[in-house]
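K.L.:
Listed below, chain by chain, are the residues.
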Amino acid sequence: MTVVASARPISFDGERKSQLETARFRLMLIAMLMFLSFGVLGFRTLDLGMSSGVVHRTAPEIFVAPVELARADILDRNGEVLATNLETYSLYADTRQIKNPEEVAAGLVRVLPELTMSEVEAKLKSGRSFVWLKRKLTPSQHWAVNALGVPGFEYRREEERVYPHGSLASHVLGYVDPDGNGLGGVEHFFNDTLGDKNLSDRSLKLSLDIRVQHALADELQSAMRAHEAVGAGGLVMDVRTGELLALVSLPDFDPNQSGRAQPESMFNRVTMGLYELGSTFKTFTLAAALDSGQVTMNDGYDASKPIHISKYWIKDDHPKARYLSVPEIYTYSSNIGMAHMADEMGSDKQREFLRTLGLLEPATVELTEVGSPVYPKNWGRINTMTISYGHGIQVSPLNLALGIASMVNGGQRIPATLVYKDDNAYIDNRRVIKAKTSEQIRKLMRMVVKEGTGSHAEAIGYRVGGKTGTAEKAKSDSRGYDKKSLISSFVGVYPMDDPQFVVFAMLDEPKGTKATYGFAGGGWTAAPTVRNVIMRTAPLLGIAPKEEVKSDYQYIAMLIAEGRKKDNK
Amino acid sequence: MKRFMMTILTLATLISGAALMQTKYTVQEKARELEALADQIHADRKAIRVLRAEWAYRTSPSKLQDQSMEYLALMPVLPSQVLHDVEDIPFRRNPLEPVAGAVGILLPGVKAKETNPNSKGSGAEAESVTRTAGRHQQEARSMLVRLSAQRDEKL
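Those protein sequences? They're chains C and G, same order as listed.
Residues in the first sequence are numbered consecutively from 0, following numbering that gives the first Met the number 0.
Residues in the second sequence are numbered consecutively from 0, following numbering that gives the first Met the number 0.
Honestly, the hints are just simulated from the structure, not real lab data.
On a predicted model such as this, the values are computed, not experimentally measured, just so you know.
Computed cross-link-like contacts, DSS-like style, restricted to lysine-lysine with a CA-CA straight-line distance of at most 30 Å:
{"hint": "1", "chain 1": "C", "residue 1": "LYS135", "chain 2": "G", "residue 2": "LYS62"}
{"hint": "2", "chain 1": "G", "residue 1": "LYS62", "chain 2": "C", "residue 2": "LYS420"}
{"hint": "3", "chain 1": "G", "residue 1": "LYS45", "chain 2": "C", "residue 2": "LYS133"}
{"hint": "4", "chain 1": "C", "residue 1": "LYS304", "chain 2": "C", "residue 2": "LYS319"}
{"hint": "5", "chain 1": "C", "residue 1": "LYS483", "chain 2": "C", "residue 2": "LYS314"}
Covered stretches of chain C (in silico footprint by chain G; criterion: 3 or more residues with CB under 8 Å from a CB of chain G, positions within the stretch not fixed):
{"hint": "6", "stretch": "453 to 464"}
{"hint": "7", "stretch": "542 to 555"}
All C-beta atoms, glycine included, are put in the ideal place defined by N, C-alpha and C.
Could you build all of it, start to finish, from the sequences and the hints given here?
P.N.:
Below is the structure:
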């Protein structure tokens with residue numbers, strides 16, 4: 000360009016001149032373009048280099064790889080981990096790379112003492128390119144094996160389901176097989192949701208409170224030990240929302256080692272087990288009678304002599320042998336009085352009432368292990384009489400607790416749930432009894448603890464109400480009952496002036512002890528358990544001890560006191 | 000003049016170019032840091048999961064109960080130990096008097112100092128402690144009054 004520019008123009012003529020000029024014009028054009036482009040570049044560089052004003056914030060997306068898991072966590076209502084998936088590493092070896100199998104085997108057995116020397120050696124000498132040495136190492140084992148520094152040892156990432164609380168809440172949680180499929184409890188019920196890869200960063204929040212769960216399990220365990228019972232069960236339920244804060248079935252198992260569990264310890268007595276629960280059923284008979292107006296608190300029945308019907312005798316455990324008022328029949332747990340009351344009510348009404356309560360169908364809860372109640376097909380007069388006090392009908396303890404909850408919560412039937420609900424999620428459910436009847440039942444249940452068979456459940460300050468239940472177990476050949484083997488239970492509710500929780504405890508075949516004067520009934524074995532559970536958990540659940548309003552119970556107390564006077568004469 | 004302008008422009012271009020390069024490398028460095036941070040966060044989240052599981056294992060109620068029985072002998076709360084009314088808490092008879100020996104433990108903000116009667120100035124020190132204690136007591140009292148007023152409003 001400079002050459003062209005510096006050379007003095009030589010004038011040419013004609014064709015030659017125009018050719019040269021064209022060439023020069025093109026050259027200039029290119030030069031201009033180049034200059035312009037460099038100018039733009041230069042300007043932009045200056046601009047970028049000097050500008051400090053507007054900062055264009057186009058922050059790159061911070062991409063944090065999510066922790067990918069095959070299964071979602073399970074938490075309790077306070078966010079405590081109940082089940083979680085942890086990464087573990089499984090050790091395998093490429094034996095072709097291992098030159099000195101004896102030495103390596105000795106080193107490995109030193110680190111992992113549970114392996115046997117000969118077995119490891121045989122594996123390492125096999126010459127195969129892939130041989131499992133140990134599945135699912137703990138982090139410290141992983142570290143120790145790594146420290147051996149053996150070439151040819153490799154790891155494969157695997158996941159393990161861990162239940163940090165061991166056997167606590169095992170029947171609620173269930174367990175998984177080695178491939179991570181839920182096989183029991185909520186692990187099974189929610190298997191698809193928990194195992195959904197897209198949802199694995201979310202967790203399932205249960206209604207359980209692990210502290211309450213422990214208190215209940217601990218108390219049931221010690222009661223079981225004290226009374227040499229073969230099993231025990233219990234639950235704590237919110238009477239408004241139906242949330243289960245604790246659900247215990249003993250004996251239990253460790254879901255971390257579900258393979259080693261005894262089959263009978265896997266059995267969930269509370270939801271799957273069906274029992275004739277005895278006198279706790281009197282609550283329903285009484286509620287039906289009060290609600291329909293068949294009886295009032297001022298009525299009563301003659302309980303002076305046992306009832307003889309077909310070839311059975313209906314007797315009282317603690318016979319008063321006189322006319323009993325309605326509150327007395329309930330607080331003293333009179334079978335005769337209840338049988339008369341149910342007889343007057345009739346079979347159809349009784350069955351219909353139990354059906355609306357949901358006692359003739361499996362309880363609704365997020366478990367697959369739910370038992371379907373057993374009741375007579377032909378509901379005759381004799382059945383009506385025995386069912387009135389809880390014999391001749393088998394329900395699960397959960398069924399019973401749900402029934403009791405609707406008796407005391409103002410008369411609403413609620414479904415049980417194991418999933419955490421917001422406090423606001425209270426749904427107005429189906430009404431089964433009038434609010435006024437519910438109030439009467441509350442007072443009567445409180446009276447049972449104050450004056451009657453449930454006195455061992457009295458937790459001072461917490462206004463406990465409840466009902467004892469003692470039933471003889473049917474003999475295995477289904478001929479009559481075995482007087483020695485009992486199902487003793489107690490269903491408690493507190494605080495009775497504003498019911499919040501149902502606490503149920505049941506012992507399977509308890510034996511009387513010195514401390515209980517040889518008695519093994521619900522009032523002696525299960526009621527103290529319920530009291531202890533309430534004493535331990537009420538402060539955790541925010542229920543303050545309070546002095547109760549005595550006048551609430553004045554009238555019923557008077558009726559009972561009048562009866563006492565008769566007894567003393 | 001033209002030449003001068005050209006020099007300035009060239010220099011400026013060179014400097015801006017260098018600055019731009021520098022910025023570019025800084026950005027790359029930051030991007031790498033960011034990536035490393037993201038990896039770190041990922042690793043930490045994994046570790047947190049393990050730690051949470053371990054925490055749940057170590058603070059499982061049955062384990063805590065065993066430990067408590069061994070070292071603390073704590074028992075379940077009795078109904079008589081629960082206060083649900085502010086008015087059940089009694090006032091101290093003489094709020095200006097420090098609690099014997101353990102002022103710092105009971106009242107926040109007061110340093111517990113070993114008072115040596117032989118050393119100089121201990122009297123003044125004790126006096127100041129007493130004064131602070133009195134102030135705390137007054138604060139506590141006003142808080143109580145406020146709390147009970149709130150409760151009354153609720154009722």
